[in-house]
Amino acid sequence: MPARSLSLRNLVKHYGALQRAVDDVSLDVAPGEFITFLGPSGSGKTTTLMMIAGFQEPSGGSINVDGRAIGHVPPYERNIGVVFQNYALFPHMSVANNVAFPLKMRGEAKKERQVKSLEALARVGLGGFGDRYPGELSGGQQQRVALARALVFQPDLILLDEPLGALDKNLREHMQIELKRIHREVGVTMIYVTHDQTEAMTMSDRIAVFNSGKIEQVGTPLEVYFRPRTRFAASFVGDSNLIDAEFAKDDRTVRVPGFGEFTVNPGHSKRGDRVNLLIRPEMIRLRPGKSQNPSTNACDVTVESIVNYGDNLLVIGRAGERSLRIRVPSLDGKSLREGMPCVAEWDQDSIHVMAER
Amino acid sequence: MTLVRLGAIAITIFLAAPLLVVVPMSFSTAPSLQFPPPGLWVGFYAKFFADPNWTGPLVNSIIIGIATAVLTMAVAVPASFALVRHRFPGRSAFNLLLMTPLIVPHIVMALGYYVYFGELRLLQSYLGVVLAHTCFSIPVAMLIITAALKGFDLSLERAAMSLGARPLTVFRLVTMPILAPAFVIAGLFAFVHSFDETVVSLFISGRDVATLPRQMFNSFRMEADPVISVASSLLFAAALAGVLVPAAVRSVRRTLDRRNSPLAS
Numbered sequence: 002m003p004a005r006s007l008s009l010r011n012l013v014k015h016y017g018a019l020q021r022a023v024d025d026v027s028l029d030v031a032p033g034e035f036i037t038f039l040g041p042s043g044s045g046k047t048t049t050l051m052m053i054a055g056f057q058e059p060s061g062g063s064i065n066v067d068g069r070a071i072g073h074v075p076p077y078e079r080n081i082g083v084v085f086q087n088y089a090l091f092p093h094m095s096v097a098n099n100v101a102f103p104l105k106m107r108g109e110a111k112k113e114r115q116v117k118s119l120e121a122l123a124r125v126g127l128g129g130f131g132d133r134y135p136g137e138l139s140g141g142q143q144q145r146v147a148l149a150r151a152l153v154f155q156p157d158l159i160l161l162d163e164p165l166g167a168l169d170k171n172l173r174e175h176m177q178i179e180l181k182r183i184h185r186e187v188g189v190t191m192i193y194v195t196h197d198q199t200e201a202m203t204m205s206d207r208i209a210v211f212n213s214g215k216i217e218q219v220g221t222p223l224e225v226y227f228r229p230r231t232r233f234a235a236s237f238v239g240d241s242n243l244i245d246a247e248f249a250k251d252d253r254t255v256r257v258p259g260f261g262e263f264t265v266n267p268g269h270s271k272r273g274d275r276v277n278l279l280i281r282p283e284m285i286r287l288r289p290g291k292s293q294n295p296s297t298n299a300c301d302v303t304v305e306s307i308v309n310y311g312d313n314l315l316v317i318g319r320a321g322e323r324s325l326r327i328r329v330p331s332l333d334g335k336s337l338r339e340g341m342p343c344v345a346e347w348d349q350d351s352i353h354v355m356a357e358r
Numbered sequence: 003m004t005l006v007r008l009g010a011i012a013i014t015i016f017l018a019a020p021l022l023v024v025v026p027m028s029f030s031t032a033p034s035l036q037f038p039p040p041g042l043w044v045g046f047y048a049k050f051f052a053d054p055n056w057t058g059p060l061v062n063s064i065i066i067g068i069a070t071a072v073l074t075m076a077v078a079v080p081a082s083f084a085l086v087r088h089r090f091p092g093r094s095a096f097n098l099l100l101m102t103p104l105i106v107p108h109i110v111m112a113l114g115y116y117v118y119f120g121e122l123r124l125l126q127s128y129l130g131v132v133l134a135h136t137c138f139s140i141p142v143a144m145l146i147i148t149a150a151l152k153g154f155d156l157s158l159e160r161a162a163m164s165l166g167a168r169p170l171t172v173f174r175l176v177t178m179p180i181l182a183p184a185f186v187i188a189g190l191f192a193f194v195h196s197f198d199e200t201v202v203s204l205f206i207s208g209r210d211v212a213t214l215p216r217q218m219f220n221s222f223r224m225e226a227d228p229v230i231s232v233a234s235s236l237l238f239a240a241a242l243a244g245v246l247v248p249a250a251v252r253s254v255r256r257t258l259d260r261r262n263s264p265l266a267s
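Protein chains in written order, with the working numbering: chain Y, 2 to 358; chain U, 3 to 267.
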């Protein structure tokens, strides 16, 4: 299937005079890429998707597919496949007729329609289901039909609006793997909207983090996880300790009220800069006891509570006014008890410094 | 538990009793209205269909019922789309206005029509009766259609559009077929309601366009002709069809869709 590029330039959507649902979004998506729009509800990710699909008119900016402006092309002429959260299968048509619908709209012969829709159904693992009706299928099966229907006409892009949101956890994980397999096999550019950060991490080539109508960061899952650009991105993706601090004397030493001083890798900060520090909970090590020689990248904490997740423990460690979230593998944390004094330590590399916003 | 169940059965029988009396009576051999029938016979049906005093009103009722259903749908479908899908000034007032015939007593409306249609020279005309019946049918049809429209998933239309269907095609292939059962039910309700309506018909239909219920009323007042039970049974059959037709339509549609399947060869 041909893979197309997508480019959004200064895209704006406002309702009335004040409310900006999408506020100056620019983004380039490479041909064949799987990109995820990640953000809380109301962050503008779905509105952006709806503008790409053509269901909403942009208030400003441009949308280009392979360099062709489509911002004012009606949705039925865009050649973009859309998969909806609630499947949106036509209940009065059989599965085969649902999948053949876009081919019929394109005036393809009956024979063609039959061959292609059978092929698309086989692709999503539903060969032999053509005679069923949507109401007779499970949620996961219906979503596969919706995907087959969006694939069958060789669209330039496929847009997926929280497609797994209505499925239960096990099925969701299974469908994530299936969706990635289909993306690999077909090679079409896919844009995936979700508020589930795990989904975004496991499936995407790149993630665009949306917050109040703007893109806060675009990057690979690992970039967004380890080097978030903003406090919001850090807190929305993964579990985090976010600590405000100030550069005390040079570009390597930060002072943290309540914790003392930490040493960080030298960057572009200078004395007096106020910053946010990110330390992921799984990067902190915990051992019972008290620190012997006070080092800069450790602190004494008291175990306040322990939450058991089976494979790991979440320990809330208290240091004076402050608390730290610490992830410990279950086996290592067997001896921990609430109220126990411990030392929390981390590597200098594990501290990520973000300019304060 | 058993007591509750017995009570429920008793109430059902009490409520259904008129039907249990009227339908067997229409097949009776007795020369007057009499229950239980001494014997079974279809003679009253033969009499009914041979007598222009009965067939005339039956045909009138059918004509008026169909015209009412068509006119009701012509108003109720666009009005329902406007009410559910668009916000406009005066929307709730418009909604309330359409619902008033449900609240105002029929006899009051009937008197109103008698005077008002008299001025307009619409008394004793098909048009007058159809207009009055339509007015009564619109609120019910609107209730059915707006409920279906509110439950209609707009992403179905979006999906169809993204798949290449132009707006009219979307309506023809997606919106219309999905809402069709509601349209059929609303239309049937309008027909049955008109077929059944007595009060307004008594006031304004007159001799030439007398409806079946009006003729029954007249006949009952004059002579208690047992043919009345035939007319009653026909009214009941019309109402029953209103319940059964939608189910039949659904099964026919599935058969058609299967035949249209790309898998069928």
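None of these hints come from the bench; they were simulated from the model. Fair warning: there could be bad hints in the mix.
[Unchecked claim] Pair ranges (Cβ atoms, derived):
no.: 1; chain 1: Y; residue 1: GLU109; chain 2: U; residue 2: ALA241; range: 44 to 50 Å
no.: 2; chain 1: Y; residue 1: ASP274; chain 2: U; residue 2: PHE83; range: 58 to 64 Å
no.: 3; chain 1: Y; residue 1: MET2; chain 2: U; residue 2: ARG255; range: 30 to 36 Å
no.: 4; chain 1: U; residue 1: ARG255; chain 2: Y; residue 2: ASP312; range: 38 to 44 Å
no.: 5; chain 1: Y; residue 1: GLY140; chain 2: U; residue 2: ALA149; range: 22 to 28 Å
Just so we're clear, the structure is a prediction, and the values are computed from it rather than from any experiment. Beta carbons: idealized from backbone N, C-alpha and C, even for Gly.
A quick look at each hint next to the structure:
Taking 44 to 50 Å as the suggested C-beta distance range, the pair GLU109(Y) and ALA241(U) conforms, at roughly 47 Å. At roughly 59 Å, the beta-carbon separation of ASP274(Y) and PHE83(U) lies within the given 58 to 64 Å, and the hint holds. A beta carbon spacing of about 34 Å between MET2(Y) and ARG255(U) agrees with the range 30 to 36 Å that was offered as a hint. Checked against the given bound of 38 to 44 Å, the beta carbons of ARG255(U) and ASP312(Y), roughly 52 Å apart, lie outside it.
Separation of GLY140(Y) from ALA149(U) is about 25 Å and conforms to the stated range, judged on CB atoms against 22 to 28 Å.
The structure shown violates just one earlier hint, number 4.
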